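Spelled out, the chains give:
Protein chains: 2
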Amino acid sequence: MAHRRLAEPTPCNRVQAPRPVSIKDVARKANVSHSTVSRALQNNPLIPRETAEKIRLIAGELGYRASAVARGLATSKTRTVGLVVTTIADPFVAGVVGGIEDAANANGYSVVLANSHADPEREMMVVRSFAERRVDGVIVTASRVGALYVPMLSRMRVPIVLVNNQHPGEFTHSVMIANLEASFQATDHLIHLGHRRIAYLGDRHGHQSDTERFGGYRQALDQADIPFLPELVVHGDGTPEGGIQAMGRLLALADPPTAVFCYNDMTALGALRRIRVSGLRVPDDISLVGFDDLYIAQYTDPPLTTVRQPKREMGRLAMEVLLRLLQGSQSERTIRVPGELVGRESAAAPKERQPCNY
Amino acid sequence: MAHRRLAEPTPCNRVQAPRPVSIKDVARKANVSHSTVSRALQNNPLIPRETAEKIRLIAGELGYRASAVARGLATSKTRTVGLVVTTIADPFVAGVVGGIEDAANANGYSVVLANSHADPEREMMVVRSFAERRVDGVIVTASRVGALYVPMLSRMRVPIVLVNNQHPGEFTHSVMIANLEASFQATDHLIHLGHRRIAYLGDRHGHQSDTERFGGYRQALDQADIPFLPELVVHGDGTPEGGIQAMGRLLALADPPTAVFCYNDMTALGALRRIRVSGLRVPDDISLVGFDDLYIAQYTDPPLTTVRQPKREMGRLAMEVLLRLLQGSQSERTIRVPGELVGRESAAAPKERQPCNY
DNA sequence: CTGAAAGCGCTTACAG
DNA sequence: CTGAAAGCGCTTACAG
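Chains as they are written, first to last, in the working numbering: chain B, 33 to 390; chain F, 33 to 390.
FYI, nobody ran anything at the bench for these hints, they're computed from the structure. Worth double-checking, as some hints may not be accurate.
Put simply, identical chains are the same to the list, so a pair is met inside one copy or across any two.
Said to hold, decoys possible - Keeping only pairs whose Cα atoms sit at most 30 Å apart, straight-line, the calculated DSSO-like set for lysine-lysine is:
no., residue 1, residue 2
1, K109, K61
2, K61, K86
3, K86, K56
4, K56, K109
Computed from a prediction, not measured in an experiment: that's the story for all the values here.
Build the full structure now, drawing on both the sequences and the hints.
Okay, structure coming up:
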């Protein structure tokens, strides 16, 4: 006994928004109940192969597409992950996001993207929006996060995975580059090339990453018995502009460094520019090493020696950790991914000095 | 008469997945029906201010967050837009996506991101996934789209907006850069600097964009009565690698060009590299103009003269067109956005020639 | 102004 | 193996 509303479709020929075909439409055509259709489409073993196939065929003919929203309501799982980034226009972030995306899609998850622009108000909106969308989990890839951010997210009570994040909270998991080891390697490379006056051009907003990268630099110096000189440490802000400023300070020194290890490639880009403007050459006068291995690092002049962060893989890993958490498994709290020094042409032996034993 | 299931929560103290507070919880605490709560929270004018405020207060205390999935099921609007990109790692794409994101969020829409990797199989999966998620509309920002792609999307019967897309179909709207005018301007700039042997370094995969940019180049030549020389037209593939190859062919000419207009900045990056490798200098020996104004265009050496595509604005515009479509308004089929020539240092007057009247 | 009821399109215990 | 029923958390006509 169908209700009026469920009777045959209005006889008029142009329906403005033709409602998508539902499980009931399939059921009707297949002469079974919608429960059976639901089961068949889920490959429920209760349904005999024959029936299931017939139903699947009809569903195909009708162009049936299960509603993820209805399913989400029924199961309280949306198979959706919220992904917050400071800005997608950051090439490091974009690389990571690509990896997350791929791993998510490969596992039937969709990614809801949100830019926070490192703005606390936006961050609030993002959390609210993710909460309303009932995302199953969230991944944060932000160069700078408001201190209240992660706690806010935590209140949603879904698993959270951070990528290269500052203050990884108590309740979160994270995937991070092995900053200390990588920086050690980079600095050590310069030392082996014969440099002794090596500067560190950091990022004053980099928090933990900056601290760790600086730490690796110091360790390499120590191990080589090179005295640490505070005047050789300057800070930019992670952008080329910041690199230009900071490099300027280094060049203004009575005895400038012969090599500079930069917090990231963007900073190195600025340093490179600043050096060239002053009439000096890289690597002839000053060697330069970056961090990230952004795509463009191969195309600077000279090509930039840098530490590669496996961005895609880090994204993939983060998604995989999240996936594990979503199925209730355990996962290591912090995964440290090794960086890889990729030698190009911006770092060479200092002028008038033998490239020492190497 | 509550069902067993709805009786008081299990007395045990640790619920593993505490169901989020619902409209009913608020209703109970506020001593009204859930209908009233729903109305109050929607600012329905039927509900008196006082009641509404009380309800909102309680909702706040309870940390109530309306379920977008339940609402989506009830209203058959998800306030979600599907965004397909070839790859988010492309800096042009990332810029556009940033603009889309901002406009979407500003209007209460969420963005579901999907990478197609220009792979037909992935494209199918994306369409399927968007269909299941019941996205309200879709935006495509892809440098290359499978020919079947847009038709497939069209079958979802939701509005579609393309950004800088090839073959904009009959049923779609699009936002595009004014290729012809912009290329004309770029080429004309080189002509005014005094160049006459100007090459066009295109993108063999660029389809419509390449054709149009080439068109602007030809028109500028024609207008200046400079004969068109087919040997001065070569093609890369939109990447630096392709630019390197193609530039190589140009340099192998008996009489190489004094200026090259490149399809995009990535290509120009390769051309720049190739020129330098051959011992020539930019702009002293060869002038170079790009297209896009990627962030790095300011940091190449020399900084790249190029045509700026207002990526963020284009993304914003695309979202705004979609928004209009979603509220049932009309919108122009194709919006052409003007490019802007940004003069930096890679283009200058040719050697041994006066910069003509300018 | 307010509530009871029906419906959105699924899933899944329950009862044959 | 299969169906009827209840439920997920909203919205919104309908009837006071």
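Quick rundown of the hints versus the structure:
In this assembly of identical chains, the alpha carbons of K109 and K61 lie at most 30 Å apart whether taken from the same copy (29 Å) or from different copies (27 Å). Taking the shortest alpha-carbon separations for K61 and K86, only the intra-copy value of 10 Å comes in at or below 30 Å, while the best inter-copy value is 49 Å. Taking the shortest alpha-carbon separations for K86 and K56, only the intra-copy value of 15 Å comes in at or below 30 Å, while the best inter-copy value is 41 Å. Within a single copy, K56 and K109 get their C-alpha atoms as close as 22 Å, and across copies as close as 20 Å, so both meet the 30 Å cut-off.
Of the numbered hints given earlier, the model fails none.
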